[in-house]
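Novice: Listed below are the residues making up each chain.
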Amino acid sequence: MTLEKLIFYVLAAVVLAAAVMVVTRRNPVHSALFLILAFFASSGIWLLAEAEFLAIVLVLVYVGAVMVLFLFVLMMLDIDIAVLRSGFIKMLPLGVVMAIAMAAELILIVGPGNFGLEKYAAPARHAADYSNTEELGSVLYTVYMYPFEIAAVILLVAIIAAIGLTMRRRTDTKFIDPSTQVVIKKGDDRIRMVSMDAEKG
Amino acid sequence: MEFLISLWEALPYELQYLIWTMIKIVAIVLPMMLLVAYYTYAERKIIGYMQVRVGPNRVGPKGWLQPIADALKLMFKEIIIPANANKLLFLMAPAITLAPALAAWAVFPFDEKLVFADINAGLLYILALTSVGVYGVIIGGWASNSKYAFLGTMRSAAQIVAYEIAMGFALVGVLVAAGSLNLGEIIRAQEGGIFSWFWLPLLPLFAVYVISGVAETNRAPFDVAEGESEIVAGFHVEYSGMAFAVYFLAEYANMILISALTAVMFFGGWLSPFQGWPVLGPLFDWVPGFFWLVIKTGFFMFLFLWLRATFPRYRYDQIMRLGWKVFIPITIVWIAVVGLAVVYQVPWWFD
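These protein sequence lines map, in sequence, to chains A and B. For the first sequence, this note's numbering gives the first residue as 811, with consecutive numbering after it. For the second sequence, this note's numbering gives the first residue as 33, with consecutive numbering after it.
Check each hint, because a few of them may be wrong.
[Said to hold, decoys possible] The calculated lysine-lysine pairs, modelled on DSBU-like cross-linking and capped at a C-alpha distance of 35 Å, are:
#1 B:357 <-> A:984
#2 B:145 <-> A:815
#3 B:145 <-> A:984
#4 B:357 <-> A:995
Because the hints were derived from the structure by calculation, they are not lab data. Every value quoted in this text rests on a predicted model; they were computed, and no experiment measured them.
Same shape as in the complex, but just chain A (with noise of 0.2 Å):
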């Protein structure tokens, strides 16, 4: 066995164990950190692939923003586990139903029948020069022009469309707007001069 198969074995090994224990965790933030975990290592079989940029990106996109956000909500969320495990054995025959079908259907398109090195040979190895990063960008500006420029509208879409759902104007914050602060003037702006009695007793 080589070194790299055996890097590979490693990392796949860890993925499948992180995947058992986001499903099995009871606590969702335990949960959440391994599936961080999963990200990482499929980072680095994406890199023994030389796929470099998807691998960082994935580390970069996935790891360092998107579960970030998702830690917050979760550790943020008062979540019940006994209301969400509530219907766990009514649902279970569905769920194997599903699982089964999902697996079927998985094994059908990417099992051995359809990949393997005699339906597919092994890529050639490019030189330590080999920038995947250009190879991906001159592609996806070029023969990928409108997919890659619709999907971009449509996620801007949805960020506009998210936001205008959660936006609400509160009435009863003491909100100052920057700009009156820092447009204020010495003298009459600041201070208000007030005359009144003084209190007796």
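Once you have looked at the hints, place chain B on chain A.
Specialist: Below, chain B without anything else, positioned relative to chain A:
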């Protein structure tokens, strides 16, 4: 000696490679730790002088041994683990903060040929690693099982996430201007004296990067993580002894990293400021590139301390406003400007 050389040659190639790599890592990390220790000393001395005090002067001549004494004290202190805290995560969190701050140096070019791993996607690697550092803050605050620590976590993590975006965008501008993700290539794209460096054409991005760097490391005037005037302390309120010291180390290691990255991205890394100038250029040719890098990094390290001694703390809502509503729009506009400048090959920098 003969015996040692023959012993070394008897080792298989993979093992030799492994040992050699380990030695290189130690050669980067060990000076870094020493630098961190004396950076804390420099901070106390410099801020002391700025406030007309003397600073530490009891341990060793002029207080030189103060960082060593501090480290020893922290090592022998007890690490108190709060009741019902998640012990594993509690102890792991400081290490999670420190590891990315050290690992980022792997792709850092110290000189023309002096780089540990000269990879193509160096800038992406650094962005990815620095974005992982926030987990130390989140996990540490959550695992402490304390409301104060958790609120501190939310404050600093929200701040770090916000400024990371501005920082990333500022680096996108650098990447567009240099046309490469490799840090060495980015430096080579800035060749030709102090006015060819990227700080001039990318001035808004440079300002955003430095200020975001200060916010990212939770330093004054953005140090709401400490916030001694308003809260007990931030996410690390439950930490003591060495566990706290590791957080502390990570903060200073991150400051050094950001200073060094600013020198590379905007100030031409190892390049001489007089490169290509008529008289001064050849006069300073003999100076090694590493020396210039150290001077530039040192300046930005000093800037961190200078800011801390000078400015009052920002209010929290103002911090968030600055990050989201001021810096991110500035960077997006300037990326467009740089993109146009590169496409139309605007003279002096991009032709």
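Novice: It remains to establish, for every hint, whether it holds in the given structure.
Specialist: Evaluated hints:
no.: 1; hint: B:357 <-> A:984; result: holds, 19 Å
no.: 2; hint: B:145 <-> A:815; result: holds, 32 Å
no.: 3; hint: B:145 <-> A:984; result: violated, 57 Å
no.: 4; hint: B:357 <-> A:995; result: holds, 24 Å
Checked against the numbered hints given earlier, this structure breaks only hint 3.
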